[in-house]
Amino acid sequence: MVSIENLHKKFNKNSVLSGVNLNITEGGIVTILGPNGSGKTTLVKSILGMVIPNKGSISVLGENIKNNSGYRHKIDYLPQIANFPNNLKVKELIKMIKDLRGDTNEDRHLIELFTLEPFLDKKLGTLSGGTKQKVNLVLTFMFDSPLIIMDEPTTGLDPISLIRLKDLIQKEKAKGKTILITSHIMSFVEEVSDEIVFLLEGQIHFRGSISKLKNKTKQPDFEHAIASILTENYA
Amino acid sequence: MLKILKYSFFDLMRSRWSYVYFAFYLLLSIVLLFLNNDLSKAVITLMNVIIVLVPLIGTIFGVMYYYNSKEFTELLLAQPLKRSSIFLGQYLGVAISLSMSLILGLGIPFIFYGLFKSNAIWDFSLLLITGTFLTLIFTALAFNIALINENKIKGFGYAILLWLFLAIIYDGLFLMSLILFEDYPLDKLSLVGTMLNPIDLSRTLILLKLDISALLGYTGAVFKKFFGTGFGLTISFIMLTIWVILPVLLIVIKSKKKDF
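Taken in order, these protein sequences are the chains called A and B.
Sequential numbering of the first sequence, starting at 319, is according to the numbering used here.
Sequential numbering of the second sequence, starting at 4, is according to the numbering used here.
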C-alpha cells in the first residue's frame, strides 16, 4: 500500500527523518507514535508530497510519488490543524473541494452525523476549533479512497464527536481500507490501532502490535510501555 | 489550473481592495480628463502615474495575497492537483483581477469622454497594454519573493525594496553611471540598462509611441536612433514578454522544491 525506503529529510541543519524504512500493507489501522518533534507530521507530509525528501523514495499503491499528483486521488488526508481560508463559508468550502476532487453525496450524511447544519452558512473564520475539526473530518471522509491519513484527528473534539469518529474509523476499516493515524492520545491509540510504529529521533524505533510492545517492555499497560521506551532512551 | 484561477479570481473580486483599486483609477482618470481637457495630454500624465504605481500595487498585492492564502494553498496541496497549477492559478487570479481593475478603471471614463472618436485611442491602448504587462511582471516577482521568504515581514520588506530599486534607485544609478563614464560611448550600455528594468522599458515604449522628443531623454533618444520607432516598439514588447516569462518559470521551479 505505502512503501517508504531510506527516507531522509533535513530542515536547514535540523535533521528530522534519518533513514526511515516503512512498509504498510493493505487493510487495518496503523498508528504513528513518537515524542514531539520526532518527525511524525514530516513523515505523513512526505507521503502526501507536501514535504520533498532529501533522499529516499516513497510509493503509494505501487506508484512512485515523485513529481506525481494523481495518486492523491486515492488518499483522504486530515491535516493537523484545520487551517481553512477564513472568508469562505462552510458550504462553499465543501462545494469547492467537491469541484476539485469529484462529486460525492456522502457529505450530507457526515454533516448530519457531526451536527454541522447550523454552521453551513457561517464563515470558517468564525468557527471554534472543535467545529473546524468537524468540518475537517467531513472533508476527509466524504470521499471513498482506499488510504486515509489522519494527523491528530481527535484535536478539539467533544466526547460525542469522538465516539462518532471512532465508529466512523471502524466502519472504514471494515470496508478494507488502510488507515494511517498520528496521535498523542494514548487511550485513543490503544483503542483503535492494529499496529503501532514508534518514531524516535527520525528513525523507527519499534513496530508491531500493542501486545508485542507490552511484552517487550515488560509493562502491564500501554501508556507505561511507551513511557518506558522514552526513559530507556533519554535517561 | 483553471479551477484554481476561478477560485482565486472570485475570492479577489469579493475583496474590498479590488474595488478600492478600481475606484482609485476611476477617480484618477476622471480628474485628469477634467484638468487637462485633452485626451492626449491626459494620457501622458497617466503614463507617469501608472509607471510608478502599477508595479507598487502589483508587488504589494502579490505578496499580500500569497501570505493571506497560505491556508488555502495548504488545503490544495493535499488534493490531487499539480503544484504548478496551484501556484500559476493563484498568480493568474491575482494578476488578472488587478489588470481588470486597471483597464476598467481607466477605460470607462476615457470611453465616456469620447476616446473612440479621437486619435489618441492607440496611445491609450498602448498605455493599458503596458500597464497589464507591468502588473503581470511585478505580481510574478512578488510571488517569487513570497515563495522564498517564509517570514511575512521579510517578504514585504524585500518586495518594497524591489519596487523602490526598480522604480527609483535604478534610474539614479543609471544616470550616475552615464555622468561618470561620459567620455566613453554609452549607447549600448544605456540600451542594455533600459532593457534590464521593466519600468524604464515601459516608459521608453510609451514615449516612443507618443513621439514626444522632449520627454524621450537620453535613453529614449538612443533607443529611437538605434531601432527607429517601429522596430523599437517590437523589441520593447519582446523584452517585456521575456520579463513576464522568466519570473513565471521561476515560480514553477521554486514551488516544486518547497516544503509545506
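Note that these hints are calculated values from the structure, not bench results.
Do not take every clue at face value.
Think about it this way: if two alpha-carbon atoms lie no more than 25 angstroms apart in a straight line, the pair counts; the simulated PhoX-like pairs of lysine-lysine are [unchecked claim]:
#1 A:Lys-384 <-> B:Lys-259
#2 B:Lys-259 <-> B:Lys-6
#3 A:Lys-328 <-> B:Lys-259
#4 A:Lys-409 <-> B:Lys-260
#5 A:Lys-331 <-> B:Lys-6
#6 A:Lys-384 <-> B:Lys-257
#7 A:Lys-392 <-> B:Lys-6
Facing chain A, a subset of chain B residues (Cβ under 7 angstroms, in silico) [unchecked claim]:
#8 Leu-30
#9 Tyr-70
#10 Glu-74
#11 Gln-82
#12 Lys-85
#13 Ile-89
#14 Tyr-173
#15 Asp-174
#16 Gly-175
#17 Pro-250
Every value quoted in this text rests on a predicted model; they were computed, and no experiment measured them.
Ideal Cβ positions, reconstructed from N, Cα and C, are used throughout, including at glycine.
Hint check results:
1. A:Lys-384 <-> B:Lys-259: holds, 10 angstroms
2. B:Lys-259 <-> B:Lys-6: Between Lys-259 (chain B) and Lys-6 (chain B) the Cα gap is close to 20 angstroms, so the pair holds against 25 angstroms.
3. A:Lys-328 <-> B:Lys-259: Holds - the C-alpha atoms of Lys-259 (chain B) and Lys-328 (chain A) are around 17 angstroms apart, at most 25 angstroms.
4. A:Lys-409 <-> B:Lys-260: Cα-Cα ~33 angstroms, so violated.
5. A:Lys-331 <-> B:Lys-6: Given pair Lys-331 (chain A), Lys-6 (chain B) is violated - Cα atoms ~38 angstroms apart, limit 25 angstroms.
6. A:Lys-384 <-> B:Lys-257: Between Lys-384 (chain A) and Lys-257 (chain B) the Cα gap is close to 16 angstroms, so the pair holds against 25 angstroms.
7. A:Lys-392 <-> B:Lys-6: holds, 20 angstroms
8. Leu-30: violated, 26 angstroms
9. Tyr-70: violated, 13 angstroms
10. Glu-74: Holds - the Cβ of Glu-74 (chain B) comes within 7 angstroms of chain A, reaching about 4 angstroms at its closest.
11. Gln-82: holds, 5 angstroms
12. Lys-85: holds, 5 angstroms
13. Ile-89: Result: violated, 9 angstroms to nearest chain A Cβ.
14. Tyr-173: violated, 33 angstroms
15. Asp-174: violated, 38 angstroms
16. Gly-175: violated, 37 angstroms
17. Pro-250: violated, 22 angstroms
When each numbered hint is compared with the structure, violations occur for hints 4, 5, 8, 9, 13, 14, 15, 16 and 17.
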